[in-house]
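> As a plain string of letters, each chain reads:
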Amino acid sequence: MLTNLFPNVDWERMWAATYETLYMTAISTVVTFILGLLIGIVLFLTSPHQLWANKIVNFLTGSLVNIFRSIPFIVLIILLIPFTKFLLGTIRGANAALPALIIGAAPFYARMVLIALREIDRGVIEAARSMGAKTSTIIWKVLIPESLPALISGITVTAVALVGYTAMAGIIGAGGLGNLAFLDGFQRNRSDVTLMATILILVVVFIIQWIGDMITAKTDKR
Amino acid sequence: MKKLLAGLFLSVLVLALAACGAGKKDDASSGASTEDKTDSKENVTLTVGASNTPHAVILEKAKPILAKEGIDLKIETYTDYVLPNQDLASKDLDANYFQHIPYFDLQIKDNGYDFVNAGSIHIEPIGIYSKKYKSLEDLPKGATILLSSSVSDHGRMLSLLEAKGLIKLKDGVDKTAAEIKDIAENPKNFKFDANTAPEMLVQMYENNEGDAVLINSNYAIDNGLNPIEDAIALEESEKSPYLNIIAVRAGDETKPEIKKLVEVLTSKEIQDFMLEEWKGAVLPVK
Amino acid sequence: MIQLQNITKKYKTANGELTAVKDVNLSINKGEIFGIIGYSGAGKSTMIRLLNGLEKPTSGTVMVNNQEFSSIKGQKLRDARQKVSMIFQHFNLLWSRTVAENIAFPLEIAGVSKAQRDARVKELITLVGLDGRDQAYPSQLSGGQKQRVGIARALANNPEVLLCDEATSALDPETTDAILDLLVDINERLGLTIVLITHEMHVIRKICHRVAVMEAGEIVERGEVLQVFQAPQAAITKKFVSQITDTKETQETVAQIKANYPTGQLVKLIFVGEKTEQPVISHLVKHFDVEVSIVHGNISQTKNGAYGTLIVQIDGTESNVADALGYLNTVEVQTEVIANAN
Chain L
1 MLTNLFPNVD WERMWAATYE TLYMTAISTV VTFILGLLIG IVLFLTSPHQ
51 LWANKIVNFL TGSLVNIFRS IPFIVLIILL IPFTKFLLGT IRGANAALPA
101 LIIGAAPFYA RMVLIALREI DRGVIEAARS MGAKTSTIIW KVLIPESLPA
151 LISGITVTAV ALVGYTAMAG IIGAGGLGNL AFLDGFQRNR SDVTLMATIL
201 ILVVVFIIQW IGDMITAKTD KR
Chain D
1 MKKLLAGLFL SVLVLALAAC GAGKKDDASS GASTEDKTDS KENVTLTVGA
51 SNTPHAVILE KAKPILAKEG IDLKIETYTD YVLPNQDLAS KDLDANYFQH
101 IPYFDLQIKD NGYDFVNAGS IHIEPIGIYS KKYKSLEDLP KGATILLSSS
151 VSDHGRMLSL LEAKGLIKLK DGVDKTAAEI KDIAENPKNF KFDANTAPEM
201 LVQMYENNEG DAVLINSNYA IDNGLNPIED AIALEESEKS PYLNIIAVRA
251 GDETKPEIKK LVEVLTSKEI QDFMLEEWKG AVLPVK
Chain A
1 MIQLQNITKK YKTANGELTA VKDVNLSINK GEIFGIIGYS GAGKSTMIRL
51 LNGLEKPTSG TVMVNNQEFS SIKGQKLRDA RQKVSMIFQH FNLLWSRTVA
101 ENIAFPLEIA GVSKAQRDAR VKELITLVGL DGRDQAYPSQ LSGGQKQRVG
151 IARALANNPE VLLCDEATSA LDPETTDAIL DLLVDINERL GLTIVLITHE
201 MHVIRKICHR VAVMEAGEIV ERGEVLQVFQ APQAAITKKF VSQITDTKET
251 QETVAQIKAN YPTGQLVKLI FVGEKTEQPV ISHLVKHFDV EVSIVHGNIS
301 QTKNGAYGTL IVQIDGTESN VADALGYLNT VEVQTEVIAN AN
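Protein chains in written order, with this note's numbering: chain L, 1 to 222; chain D, 1 to 286; chain A, 1 to 342.
No lab work stands behind these hints: they were computed from the structure.
Hints may contain errors.
Simulated crosslink set (EDC-like; lysine to aspartate or glutamate; CA at most 16 Å straight-line) [claimed, not checked]:
1. L/K221 x L/D121
2. D/K181 x L/E12
3. L/K85 x D/E206
4. L/K141 x A/E101
5. L/K221 x A/E101
6. A/K83 x A/D134
7. A/K122 x A/D134
8. L/K134 x A/E108
9. D/K279 x D/E229
10. D/K61 x D/E263
11. D/K63 x D/E269
12. L/K141 x L/D121
13. L/K141 x A/E108
14. D/K91 x D/D252
15. L/K221 x A/E108
16. A/K56 x L/E126
17. D/K191 x D/E162
18. D/K132 x D/D211
19. L/K134 x A/D79
20. D/K279 x D/D222
21. A/K56 x A/E68
22. D/K181 x L/D10
Ranges between beta-carbon positions, derived for each pair [stated by the list, open to error]:
23. L/V57 x A/G74: 17 to 23 Å
24. L/V57 x A/A178: 57 to 63 Å
25. L/I78 x D/E277: 25 to 31 Å
26. A/E174 x L/V157: 42 to 48 Å
27. A/S300 x L/E126: 32 to 38 Å
28. L/K134 x A/R189: 27 to 33 Å
29. L/E126 x D/N208: 28 to 34 Å
30. D/E179 x L/I34: 39 to 45 Å
31. L/N4 x D/D138: 46 to 52 Å
32. L/I215 x A/K114: 54 to 60 Å
33. L/I74 x D/T144: 22 to 28 Å
34. A/A178 x L/K134: 32 to 38 Å
Computed list of chain D residues with no C-beta within reach of chain L, every gap over 12 Å [what the hints assert, rightly or not]:
35. F9
36. I71
37. K74
38. E236
39. G251
Even glycine gets a Cβ: it sits at the ideal position worked out from N, Cα and C.
Construct the complete structure from the given sequences, taking the supplied hints into account.
As structure tokens, this is what we get:
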């Protein structure tokens, strides 16, 4: 029945593209989470009145974040070609898209981390200090656990954005559903391919959002 | 219910805005051309969509010549191969100059456009490029050959490989529409990677991706490559079907300004310019 | 146990330099409950934070439990902080951790093994009266319960000093009393030195041995609670004392009384310690031929004894009334004439 509704769809390619999208999204989300968290923590702790308050570091980090956030993703892919080649030895394929995906998304997530950390009650950090906690303890046992729901909902938003970005990664041969929708669907005027690919992207996004919401609710003990 | 309707309306609005905004680079004044009677002379405005190189460059050269004939040429540049035809169909363009005949035919077949070839102008022989190997014979067994992800390019690229004796296509296959699955013999067991967008092929070549890369000449020239000097193999241009044409909506080919455009583009002045500028990478039609 | 010498703390603000604490000298003894009272902005928050190094003085030294908190840094400071704990007005519990996990936190910081942590946490939960609530999250607890968790957490590493930053200011009166009772219990059982800051005199009254009154960064009065109550010197101290003796209501009542009892003298009697128990009033009536009407009475407990005030109307001949007042002074009952009829 599906073949009648979607005559032009090459199912093998469709599943392959789905896998490529999931692969790129999953890996870039995980690395973005780690990198963005680190940058966000630095941004937070170097803010005025915080434990590592340092105007210069704070300003430089903030500026880098703003710069990379502002670069259009497709331009970022091209700008990062030498770096990607150096790091991975290739600039083709799903892996080659990862540096640009990560470097584009991490600053975006870092800002969300900063917002999440700012929401933590200052008194709790003060209490931890009064108990003799060192900064690494405060980071791992206070900052992160106390802002976890916001951190999770933030990375969920970022993951959904990354699904969109992966579509553009198709230009360097990374594949993915967005790329398939464009090349096979739009360029060849086969709207059933476009439709099917879009439906599959929607399903991926729904699942990501659902997982994110579930984890956020579970970690929120307030 | 109200919320659902509001949401739907918003989504449609956003999609509509997105569709209108995509693609075009220069010149926001892309209105349909009309008989522009603002000048004291009887001036005609002609809006032509073109690829960056060499098409737009050639048009720029032709612009003053056309101006003398009372034709005000407006050039719209495009970075892709789909929108110029869409915009021609929607009357945002009067003509476009970026595609060769086989691609033109495929686009008409896929989209049902009512277009006509107003005249052939030049050929850009496609080239095979390799940083690792100096000639086709040097390509080792199992070498990776990179092709454009635009399937309509494959016929041409595969025909070139066949012409150079590297592969053989199945009998009875229309060479201009051949696809990778139509390869009958592949003695050196080449691997074909057709995932890269055409505009990124030069980057792949520059970064040593794969063993050989087939690159459309306009992108090659755009990125500083010279097909004549840098390619390890070049397409034969005699009897090639890959003529770059001026395409117009059916009926417009008889318009005087269109005829004039084709005349100027095939004039000695412009043809000499092509040869001088690109030294054989862009060959004017005889 | 605690010595502050020539402590000054200045802050740079947008409007210039702000002096939060001005040349303060203070000494707190081991095992005592010491209160610091002052209105908002008096400098008491800064003061208490000097005691565990959360604030460093601009000049002067802070010695707590033989550690110079004004100058130690890094690991030394962190180790020292395990022995000087703090509880807070808004409890400052980690909402992502259960009660047991919150109490275990300082033990984790001190590197105590899991088995030992679990045992100690159990002990502390019983000590503060939270049995059965160990798996609850702070969001499920009342204010009083949260403060108990705060106290348990503060006691985890067997501190020598407990600092209380407006610990009951966010609690209702009953819960406040329960928490204060708990603090007294801990002080008596464990010999824990307690320093608390508050703006409520009844807290000082109920549990402190000694008190210091702060105003605009300086200590304007200090001493044993009963003494300060009896004879407040500074205007601000008087204001605070009147918080628990003369409530506004009483002052209004006095005006009413003056109108109702036009003759004789309205006198406020202040009884301290055991004197509150003696039948002073009936003695007055019997021996001095005066009529005594009791208008208003108030007795409160302090750490060092009872403190009572009585507003009475003493009516009779001038000489009898004068004799009666004279007698009162001999039995160490302070008298304060509120109003003469004439």
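> Indicate, hint by hint, whether the structure satisfies it.
Hints and how they fare:
Distance restraint check for L/K221 and L/D121: the Cα-Cα separation of roughly 15 Å lies within the 16 Å cut-off, and the hinted pair is therefore satisfied. As the CA atoms of D/K181 and L/E12 are separated by approximately 15 Å, the hinted pair is consistent with the 16 Å bound. Taken as a hint, the L/K85 and D/E206 pair is honoured in the structure, with Cα atoms around 11 Å apart against an allowance of 16 Å. Annotation: proposed proximity of L/K141 to A/E101 holds, straight-line Cα distance about 11 Å (limit 16 Å).
The straight-line distance between the Cα atoms of L/K221 and A/E101 is roughly 13 Å, inside the 16 Å bound, and the hint therefore holds. Among the hinted pairs, A/K83 with A/D134 is inconsistent with the structure: their alpha-carbon atoms are about 24 Å apart, more than 16 Å. For the suggested pair A/K122 and A/D134, the alpha carbons sit about 8 Å apart, so the restraint of at most 16 Å is met. Restraint check for L/K134 and A/E108: satisfied, since their Cα atoms lie roughly 12 Å apart, inside the 16 Å limit.
Our distance criterion of 16 Å between C-alpha atoms is met by D/K279 and D/E229, whose separation comes to about 9 Å. With a C-alpha separation of about 14 Å, the suggested pairing of D/K61 with D/E263 holds against the 16 Å cut-off. Distance restraint check for D/K63 and D/E269: the Cα-Cα separation of roughly 12 Å lies within the 16 Å cut-off, and the hinted pair is therefore satisfied. Annotation: proposed proximity of L/K141 to L/D121 holds, straight-line Cα distance about 14 Å (limit 16 Å).
A C-alpha spacing of about 10 Å is found between L/K141 and A/E108, which places the hinted pair at or below 16 Å, so the restraint holds. A distance of roughly 11 Å separates the Cα atoms of D/K91 and D/D252; the hinted pair therefore holds under the 16 Å criterion. With a C-alpha separation of about 21 Å, the suggested pair L/K221 and A/E108 falls outside the 16 Å cut-off, and the hint is violated. Distance hint between A/K56 and L/E126 is fulfilled; the C-alpha atoms sit about 14 Å from each other, no more than 16 Å.
For a cut-off of 16 Å, the pair hint linking D/K191 to D/E162 stands: about 15 Å separates their Cα positions. Our distance criterion of 16 Å between C-alpha atoms is met by D/K132 and D/D211, whose separation comes to about 7 Å. About 10 Å separates the Cα atoms of L/K134 and A/D79, which keeps this hinted pair within 16 Å; it holds. Among the hinted pairs, D/K279 with D/D222 is consistent with the structure: their alpha-carbon atoms are about 15 Å apart, no more than 16 Å.
A hinted pair counts as satisfied when its Cα atoms are at most 16 Å apart, and A/K56 with A/E68 qualifies at roughly 11 Å. Between D/K181 and L/D10, the direct Cα distance comes to roughly 14 Å. Compliance with the 16 Å bound is thereby established for this hinted pair. Taking the beta carbon of each, L/V57 and A/G74 are about 20 Å apart, inside 17 to 23 Å as hinted. Between L/V57 and A/A178 the Cβ separation comes to about 47 Å, which falls outside the hinted range of 57 to 63 Å.
At roughly 26 Å, the beta-carbon separation of L/I78 and D/E277 lies within the given 25 to 31 Å, and the hint holds. With their beta carbons about 46 Å apart, A/E174 and L/V157 fall inside the hinted range of 42 to 48 Å. Judged by the Cβ atoms, the range 32 to 38 Å given for A/S300 and L/E126 holds: they are separated by roughly 34 Å. Roughly 31 Å separates the CB atoms of L/K134 and A/R189, a value that falls within the hinted 27 to 33 Å.
Checked against the hint of 28 to 34 Å, the C-beta distance between L/E126 and D/N208 comes to roughly 56 Å, which is inconsistent with it. Here the CB-CB span from D/E179 to L/I34 is close to 42 Å, well matched to the stated 39 to 45 Å. The supplied range of 46 to 52 Å is met by L/N4 and D/D138, whose beta-carbon atoms lie about 49 Å from each other. Between L/I215 and A/K114 the Cβ separation comes to about 26 Å, which falls outside the hinted range of 54 to 60 Å.
In this structure, L/I74 and D/T144 meet the distance hint of 22 to 28 Å, their C-beta atoms being roughly 25 Å apart. Restraint check, A/A178 to L/K134: a C-beta distance of roughly 35 Å satisfies the suggested window 32 to 38 Å. Every C-beta of chain L lies more than 12 Å from that of D/F9, the closest at about 19 Å, which supports listing it as non-interface. The claim that D/I71 lies off the interface holds: its Cβ sits roughly 32 Å from the closest Cβ of chain L, which is beyond the 12 Å cut-off.
No Cβ of chain L approaches the Cβ of D/K74 within 12 Å, the least distance being about 26 Å, so the stated non-interface status holds. Against chain L, the non-interface label of D/E236 holds: every CB pair exceeds 12 Å, the least being about 28 Å. Every C-beta of chain L lies more than 12 Å from that of D/G251, the closest at about 23 Å, which supports listing it as non-interface.
Hints 6, 15, 24, 29, 32 from the list above are not met by this structure, while the remaining hints are.
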